[in-house]
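**Student:** Each chain, written out:
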Amino acid sequence: METLTVLYDARCLPCRHIRAWLEQEPAYVRLVFIPAGSEDARRRFPQLDHAATLTELTVISDAGDVYAAERGWLMCLWALRAYRAWSLTLGSPALMPTARRFITWISQNRWRLGQAEFLASCADGETGQACQIGD
Amino acid sequence: MEIIVITYLLYLAISVLLTIWVARTLFKNGRIFLVDVFHGNESLADSVNHLLVVGFYLVNLVYVSLALKLGYEVESWRAGIEALSWKIGLVLLVLGVMHFFNLLVFTRIRRSSLLPYVPPPVPPTAQTAVREG
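Taken in sequence, the protein lines are chains P and Z. Everything in the first sequence is counted per numbering that gives the first Met the number 0, starting at 0 for the first residue and increasing by one. Everything in the second sequence is counted per numbering that gives the first Met the number 0, starting at 0 for the first residue and increasing by one.
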């Protein structure tokens, strides 16, 4: 496996920050980020349910293996040099249910988390992308 | 010669021999671990093995030396043997702990050296066609 394509929700702030962080981490496998539901995504993966990729993180290998939701998260960790051992621990039968609940919560609440981040950064008087409504 | 002096000399002889025995076991069998961890680089494995064994000797012989003193008088042979047994027991305990600690360290090192080859932790949820972008 040489590349993992990550279909992420480009509308949400925390998602964009996580993408930026993932991109700069040293990795065993290259991570390619494409906004979910975009033209590029539809062209590359014509058979995929693109509506579903907007609600949960979807990671696809170059062989066409699709990892959705918490499996997608674990694959992102697995790709990183510093976090591969973590992905094995969290993906173990003992910890998987807990990891799944945590990841599902974050995923479902990403708008609320994004709003909190938006309000916090604008309250500080920060200008720029974080404060642009409807971005 | 006093009983306590004989006890001390026996303690030192037995402890040193036990330490040498455990160290040689680790040296001989640990080498295979290290050659695997260093992907066949035998001279590197031998070098690291030697360094680890020196460390092992240092820690254990330090303990043996510091733990020698009885702190009370030994009046009879029985008391001498009891004191000897107690001290040797502690030495064996420390050697045992060090031995398992070494094994733990070797296992951790080997596991992290295999990380680049480890497969994904979860199976895929589905399959899809990929078209070149």
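None of these hints come from the bench; they were simulated from the model. Just so you know, not all the hints are guaranteed correct.
[Said to hold, decoys possible] Chain P residues, not near chain Z, derived (Cβ > 12 Å throughout):
hint, residue
1, F44
2, Q46
3, R80
4, T97
5, I105
6, Q114
[Stated by the list, open to error] Part of the chain P face toward chain Z, derived, beta carbon under 7 Å:
hint, residue
7, L30
8, R43
9, A51
10, W104
11, Q107
Ideal placement from N, C-alpha and C gives every residue a C-beta, glycine not left out.
**Student:** Tell me the numbers of any earlier hints that the structure contravenes, in ascending order.
**Tutor:** 1, 2, 3, 7, 9, 10, 11
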